[in-house]
Every structure is written in C-alpha cells, then in structure tokens.
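Asker: Chain by chain, the residues run as shown.
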Amino acid sequence: MILGSLAMLVANAAALLASHSLLGRLKTGKASTDLVLFLLLRILLVSATVLAAGLLRVLTPAVLGLAGFVAIAGLVALGEHRRLPECRWPEVGRAWIVLGVLIALRLLLQVWFFAPYLGDSLAYHLPKVAEWVRGGGFTGELGMDPRATFPAGFELLETWWVVFLHHDVLIEMAGVEFFLLGVAGVAAIAEAVGWGARTAAIAGSLFALNPAFHFQATSAVNDGAVTGLLLASIALVAAGSHPLLVLLPVAMGAGVKPTFLYALPGVALIAGLIPRSDGPDPTSRRALGAVAGAALLVGSYWYLRNWAVFGNPIYPMGPGGMKALASGATMQRIGPSLQSLRENVSSFVDVRIYDQNRAPDAMCTAGFGWGPAGFALGALALIPVLRAETLIRRLALGLALSAVSVFTLVELDLWNDRFVVFLAALPALALARLWDRYRFVAMLGWLALVLQFLETMVPGNLPPDAWRTLMSQTWRERSAIPAPAGMPAERVGFSTDDFGLAYPLYRPSYSCGLVYLRETTTDELLARIDREALTVIYVTPFLPRRSALFEEGVRRGRLQPILQGPWRAYVVLPRR
Amino acid sequence: MGGTSDRRLPSEVWEVLAASAMVAWRFRTHPAAGLWRDWVVVLGVWWIATAIAGRTKAWPALLAVMMAFLFAQYAVLQVPLSLAVLR
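For the record, the sequence lines run as chains A and B.
Every number in my numbering is 19 more than the matching position in the first sequence, counting from 1.
Every number in my numbering is 574 more than the matching position in the second sequence, counting from 1.
What the hints contain is simulated information worked out from the structure, not anything from laboratory work.
Since this is a predicted model, take the numbers as computed values, not measurements.
We treat Cβ as the ideally placed atom computed from N, Cα and C, and that holds for glycine.
Errors might be hidden in some of the hints.
To be verified - Quick look at which bits of chain A chain B covers, simulated, 3 or more residues with Cβ under 8 Å:
id, stretch
1, 370–376
2, 495–507
Said to hold, decoys possible - Residues from chain A that keep clear of chain B, each with C-beta distances beyond 10 Å, as calculated:
id, residue
3, 86
4, 95
5, 324
Work the whole structure out from these sequences, hints included.
Answerer: Below is the structure:
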C-alpha cells in the first residue's frame, strides 16, 4: 500500500506537470478558459495513459509510477517546473474562498466515506474496472451485464484512482475531476461573456452546490462527467477557442457516454451564434494537433472496439434500441421521437423542477435536483439577465436546444433528467450576475447555499441500511453492499441474464476474482464449474433464462441453493 | 412627417405576448386552482412584470417578493425531504 501510494503521488504529479507543460503551448490567454483547458489536458493524459497501459497489459502501479518518474525527470530537465504558476488566492472575496475550501474539504470526506452504491455502477461500470485492475490490463472480460460494452471513458479515470492502491477507497476522485471541470466551465462561461472574476466565482460556486451535480461527483456514475465536459465545450466555444481545442472535450465526451452527443446540437448552435474572431489561437500548432488527435483516439476507441469485435460501433444497441429483459420495455431508444420529447418536457416542467418527490441524488430520481438557488432565485434572475445580455441569450438558446435534443432522443424514465443537469448552469450564471446588485438577492442566495450545502451531505438514494453499513466499516472494508460474510476469499462464480450487481463480490481491495458463467446448457455449466474449481456461484434474483440450468444442477445433486442476506447463490456439491 | 418612422412594435410588446402565451398554455392544460404556485406561470407573470416595469423603482421590490415566494414554496415542499435523509 505504501509503494502504491508513492506511485500514485508520482504519477499524479507527472500528469499535473505534463498538463501544465502542454497548457503552455495551447494557452488562450484567458485565465478561466486556461483553467478549463488545464483540467481537460490532465483528464486526457490520464485517460490516454490508462488506455495505453490497459491495451499493453502493463496497467500496474509499478509501471505507471515508473513512467510518472521518467516523465517528471524529463519535464524537470526541460525546466518545466520553473514555469509553474505561483499559488495565490483569487480576488473574489473571502467568503467565496472559504466556501470553496469548505466544499473541497467536504468532497474529499465524501470520496473517503462513500463506496459505490448505485445499481448501474455496481452492475456494469465497475466490474470492468475490477477486471482491469486485477488483470493488470484489458483482459477482454467486461462482465455479463448487456450494457458492459458501452463507452467507458469515465471508467479510465476511475481505474487511475484505484489501480495504485489496488483498492476502491478513492474511486470517486474520478468524478471529482469532472466536477472541477464543470465548475471551472461555468466560471469560464461567465468570464467569456465579459463578467468579472468575482461574478464568475459566484456562478461556479452556485453550480458546485447544485445538488444533482454535486452528488454526481461522488457516486461513480458518468453523468457528472458528461455535464462537466459539455460545460467545458461551451466555455471553450464561448471564449472563441480554436475548433481543435473544442474537439478535446467533444471527443472525450463522446467516449464517456453517448448522451453527450445528444446534447451537441446546442453546442454547435452556440458556436454558430458566437463569433470566434476574438479568440487567440494556440501558439503551438503541433501540440494542438497532437492533443486533438489523442482526444479523438481516446474518445473513439470504444466505438472502434465494438465495431471490430461485434460489427456494431454502438453494440448492444440495435435499430430498436435496447429493451429490458424483465418487462420488454424500451430502456434506450435509437433516433428521435416527438412523443419522447412531449413526455420528457411535460414531466420536467410539471413535476421534476419542483424537487418535491424525494431528497436530491445523483440520478435526479423523480426530480431535477437543482436546489432553491436554481428553482427560486436563479430562474427569476434569468429573465432580466436574458433581456439585458445578448451573449447569455445565445448561450441559453444553445442550452435549450441541447435539452430539447436530449429529451427527443431518450425515453422517459424516473432518472433521465440527469442528462440535462447542464441546464442548471443558466440560473447559476444569472443569479451570480444579480448577486452584487441587490442586497436581498445575496441574502436569499446565501440562505439557499446554506440549505444546498446541507442538502448535499447525503444522497437521497443512498439506502438507510447502506448508510449504517458504511458508518460501521473501516475504510479497508467499506462497501455499500458488502460481499457475503462466508464468501470464498479468492474466486467465486457469477451469472446473470440481465442486470446484476457483480462489483461488490470483487471486494473493495479486488481480492476476489469472478468467473462469469455464460454457459447455455447444464452440462456445460457443470463442466465449467468443475474446470474452474468453483465452490459457490452467485446469481441475480431475476434469472429468467439461466435459472433452469441451475435448477437442473440442483436436481442432479451438484448445486444447492442458498440465500446469504441479499445474495442468492448456489453452493457446489461434490460429484457423487 | 419627414424621414422614416420605425413602425415595429417595441420588443416589450413581443415579450408580453410570449409570456402571456406561456401563461395561457398553463391555464389551458392545467386545473386553475393550482396555478397560483405553478412555476411556469410564476415565471410568465414575472416576465410580463419585468417587461412592463423593469425600469421602475418598484421592480427590485417585486423581485424580492417573487424570489421569497418561490423560495418559501421550495423550502416547504423540499427541505423536509432532505432533512429526513440527514436524520
């Protein structure tokens, strides 16, 4: 663990120094835009490193730490360390600095304290991370969930934060990187439309305490990453940046989740409405081409892989979208639908904007999760700001188009407003604009921020049992859904037909391996179980296709069904 | 009359028309009884008020009242849900 920690420090220092070095060649000249660019470059370098190491099967702390050491040595030899900026507090007012520090410290505590708890993460985002970390590279095993082949750009960052310690205690740091990007993006948009640093800091802080966005940072889901990358794209466009620079967040966004692409028409509209004549071009064309090419590779890798392996870049999505095995209902659709648009807009304005059904969470369950600062203050502030400021009007048009596009392309469900969290940037910007103009706005605004700070302590969808479980665990064993107490230490079998929470079985330290059983006959299943010398097979409660195989195994006297808390399993009995 | 006269309607008129259409849509599609606290209606009314009285001395006071109203609505409906999670 000590060597792993050291390797993590070295590799992160290298990524920061290299990002700063690249930034020197790509600077736009605007401090807030350059901060966005710096964060993007770091995410790109980390993603590219994990991708390359994964493909080369050298995804280990030793190799990454050593590579980091060599990179630092090279950069120091080039004198890059002398170009690092001086650390100084921004001149935005003490209260905002204190708030920023408080948010940052609490985020770190949340990273430390929360373990992945959302079904999607446990079922298909994280099992592949566990496989990569255990295998020291991309092994080809992604888990059995049908969504496991979706783009995994966010998982590259998650892998970075777990590979060094061989433990997932810091896994939420991946979300924090994109959280910072989103907050910096909002602040950069404020400066790009000509507002001062203080107003930009207020806008960024308001967005940082947007409950949905805040929880997305520490919930191991990729929607916060999409929001961060989208706002970064808009910030770069609004600042008049070179199109190849804009390609950075766009390509990486596509590699995180296709919902990013759904929102792109709005970014294109903003690019069309805001002329880029005042944006200085980067000093190094070679560096610009290199980072744009790297971003394109990192973003497109998942689609190319699916194309090569399955003959379909968006596998497993087909012309009919993707259907739930249990209900047969369409979960994800392909192509636009006016009915979806109508249902989503109606659900949004009639129900969800009120946030009155549940406490906020990362998935925007039955709500928008935008807090009183957005619902009550920012929305009203938006009217006078839109009337007065042309650039904000154009941004609002673009964001509205993005939301319409997303709503047209996704099926209505209980959680899909998490795809339009970027909309909350508008009220944050508007409220920041009026903050210093009227005393009562600032008073109500602070009251809203205090409430939102409290609202963002514990996500509403963290089950009460999970909360108690996390409270009672040490960091080494911290898991929202702990593996069963009597589970074999090194290897178990796992099988599912649809969605299944495989990740907790790996344990937080990835000490337990999973053998995914995809066999389609009982003979094959039992032969595989014997070949792998498995003693226990965990299965999901809903197993419509394979349950007959396991039941036949029970009839043959080779399997014995058991229940271990929430876990359903079959114990393997010796051959008679 | 010499020169060209601008016969276009002032932008405020278009704004009032657009906001009125927004409010009318809500009245058409939702029961009137609950519309006093409908967020879209509140926003529409606020837009009309801003277009008409945006430059008057009363406007900031109106802004304060509207913000406090929506804030209270949010607090009453939502804060208990969040507090329940913290308990």
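Asker: Each of the hints needs a verdict: does it hold here or not?
Answerer: Hint-by-hint comparison with the structure:
{"no.": "1", "hint": "370–376", "result": "holds (count 5)"}
{"no.": "2", "hint": "495–507", "result": "violated (count 0)"}
{"no.": "3", "hint": "86", "result": "holds (43 Å)"}
{"no.": "4", "hint": "95", "result": "holds (47 Å)"}
{"no.": "5", "hint": "324", "result": "holds (40 Å)"}
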